[in-house]
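Peer 1: Residue-level listing of the chains:
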Amino acid sequence: MDLQTTIYLFVGASFALYIGIAIWARAGSTSEFYAAGGSVPPVMNGMATAADWMSAASFISMAGLIANMGYGGGLFLMGWTGGYVLLAMLLAPYLRKFGKFTVPQFIGDRFYSKSASTIAVVCLLTASLTYIIGQMTGVGVAFSRFLGVSSETGIYIGMAIVFAYAVFGGMKGITYTQVAQYCVLIAAYIVPAIFISLNLTGNPIPQLGLGGTMTGTDMSLLAKLDQVVVDLGFGKYTTTTAGSTLNMFVYTMSLMIGTAGLPHVIMRFFTVPTVAAARSSAGWALVFIALLYTTAPAVAAMAKLNLHATVNTAVIKGGDLYAPEASIKADERPDWMKRWEKTGLLKFEDKNGDGRIQYYNDKTKNADAKGKAEAAGWKGNELTVNADIIVLANPEIALLPNWVIALVAAGGLAAALSTAAGLLMAISAAVSHDLVKGVFAPNISEKNELLAGKISMAVAVIVAGYLGLNPPGFAAGTVALAFGIAASSLFPAIMMGIFSKKMNKEGAMAGMLAGLFVTLFYVFAHKGIFFIKGTDFVEMIGGANSFFGITPEAFGAIGALVNFIVAFAVDKVTKEPPEHIQHMVESVRIPRGSKLVDGAH
Amino acid sequence: MDDVSKGYWSATLGLLGKILAIWFLVSFGAGILFADALNGIKLGGYPLGFWFAHQGSIYVFIALIFYYAKAMGDIDRRFDVHED
Chain D
4 MDLQTTIYLF
14 VGASFALYIG
24 IAIWARAGST
34 SEFYAAGGSV
44 PPVMNGMATA
54 ADWMSAASFI
64 SMAGLIANMG
74 YGGGLFLMGW
84 TGGYVLLAML
94 LAPYLRKFGK
104 FTVPQFIGDR
114 FYSKSASTIA
124 VVCLLTASLT
134 YIIGQMTGVG
144 VAFSRFLGVS
154 SETGIYIGMA
164 IVFAYAVFGG
174 MKGITYTQVA
184 QYCVLIAAYI
194 VPAIFISLNL
204 TGNPIPQLGL
214 GGTMTGTDMS
224 LLAKLDQVVV
234 DLGFGKYTTT
244 TAGSTLNMFV
254 YTMSLMIGTA
264 GLPHVIMRFF
274 TVPTVAAARS
284 SAGWALVFIA
294 LLYTTAPAVA
304 AMAKLNLHAT
314 VNTAVIKGGD
324 LYAPEASIKA
334 DERPDWMKRW
344 EKTGLLKFED
354 KNGDGRIQYY
364 NDKTKNADAK
374 GKAEAAGWKG
384 NELTVNADII
394 VLANPEIALL
404 PNWVIALVAA
414 GGLAAALSTA
424 AGLLMAISAA
434 VSHDLVKGVF
444 APNISEKNEL
454 LAGKISMAVA
464 VIVAGYLGLN
474 PPGFAAGTVA
484 LAFGIAASSL
494 FPAIMMGIFS
504 KKMNKEGAMA
514 GMLAGLFVTL
524 FYVFAHKGIF
534 FIKGTDFVEM
544 IGGANSFFGI
554 TPEAFGAIGA
564 LVNFIVAFAV
574 DKVTKEPPEH
584 IQHMVESVRI
594 PRGSKLVDGA
604 H
Chain Y
111 MDDVSKGYWS
121 ATLGLLGKIL
131 AIWFLVSFGA
141 GILFADALNG
151 IKLGGYPLGF
161 WFAHQGSIYV
171 FIALIFYYAK
181 AMGDIDRRFD
191 VHED
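Read top to bottom, the protein sequences are chains D and Y.
Residue numbering for the first sequence follows my numbering, beginning at 4 and increasing consecutively.
Residue numbering for the second sequence follows my numbering, beginning at 111 and increasing consecutively.
In isolation and in its complexed conformation, chain D is listed as follows (with noise of 0.2 Å):
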């Protein structure tokens, strides 16, 4: 069976079971279509949670950018798990306890005041749409290099099949659809990467292949990447940190509070029927994660080192990485790379034009590696990889068998639709739940509130698909400044409300609004209002990273720094809550007497 009929099996496979689990789970009461019914064991909740969680950043992205960061790239593994750790202690438990559909229901009820809980469906509103922003990326990706269309294409197929796969059940559907959509994506991330690892170390498991030796050499393959990489003028795997040591602390950070102030990864605790379960689910859902999260950095590693031996032979071989014969020639390059070059996701040029291809880093600082490439008439770089293509074409680099390379497919696709659901599942109980029936019709009945939730994923996935087309960075770029929205306006609010029982409406609310303003104020500077290309403003607050050089994508843990001071500041001054409020903290704080999720106001 050729390749194409392969994928088109796969996918094919997975669409009709994930549909097929929906049409099984389809909601039935509102309770059900937003909390799913608060009836999820803790694993399977964890595994959920873990489909929900890993999206195409994770899937696609993360692996490329930490292939191209090396070390650095950790502050992505740390930042994106470590969150748990704060969600689990500071968070889920009090959340589920206090037993209601939607973060903004909470921050409403607990800072008494409908202006507070609107403010925070701005803030959700915010971070999930910016966050689908690079699901939408990654869906095309994945879909243009699968279908053999392009980018665009792959995007409004995206689309199409996120909005008819969203609205089917509620989050009952999604929850046991996640549950299918984690074992395909996780097997599709694994099976490749213990291949590989075998291939290049003879140890069957990636996380021990990362630390183990290449086979036929007495040189380990961190040792060995090193070398291979400054050699060719990049800086060293294992000690490249991201910008500086500063800038990798605040961006860890920020990843962490962030994933902690996600609102579609809390709502996940609401769907749990105790709170000793919230407390242990989010236990499960870490251990699913580090499944991927610390196969992750073999990938990277062994991809790196892959591609590099596929357009130098030298690389394995060992001997001059800038000899004439080393660099394969173009017209025996693999199909592969002919393949991904039609995405225009893989480019060649070349620019010495001696029909072979130099992949090195020409703008490198490294006199040696400057001197070698002048000396051997290399005239500049010839193969560009975008980054967000090195996990999908990896078991490629590697030659794996056909059907490897279809499981891949179907993972990359169903990690992009798990979350891109259960982000328009946040969206659309914030607009429906918390605006329409909170705010604007109270006496709203069940059936038009689901109507009107509906609406509002729609309106979400074409403003998603048109940002998606015009994204303002890498998949996993966007995703990050996601996390910057969360990290500085909901994590603090929720955290306050729970831990410090005399905070009042006027500090929460001045707090997220100073929080999400500093980092609206701080990425848009960088990437345009509203990621519209052409009105960035960069120049007016002093060049790009000025502060402290901060990445606008690190910001998030500044600005939830800046929400905690204003917050307490404001309270200070301001009249203390009243003491019924000061009595559902109380409440919140012990686990006795919790109930099932309800909505009711």
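These aren't lab readings, by the way, just hints derived from the structure by calculation.
Here's a subset of chain D near chain Y, in silico, CB distances under 10 Å, partners left out: (1) Ile69; (2) Gly76; (3) Gly77; (4) Gly214; (5) Thr216; (6) Leu225; (7) Phe252; (8) Thr297.
Note that beta-carbon positions come from the ideal geometry of N, C-alpha and C, so glycine has one too.
Fit chain Y to the supplied structure of chain D, relying on the hints for placement.
Peer 2: Just chain Y now, with coordinates in the frame of chain D:
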């Protein structure tokens, strides 16, 4: 606030403090601030600081959450505020 819930809350905060200290040490400490120093030590083919940033901290996070869930359950029962 009565004495039971006061005691319960301070026991909870004590546990959170301990766990967050470890959480900070493995990721921000070993993975970032002291990574360069730890890279001198090798764990198989891994430089140790690199290992904490790319592998080790994740394993510790998992252990922390399950330890938290168990220890919180014990505190719940000690102060008799567990779910029925």
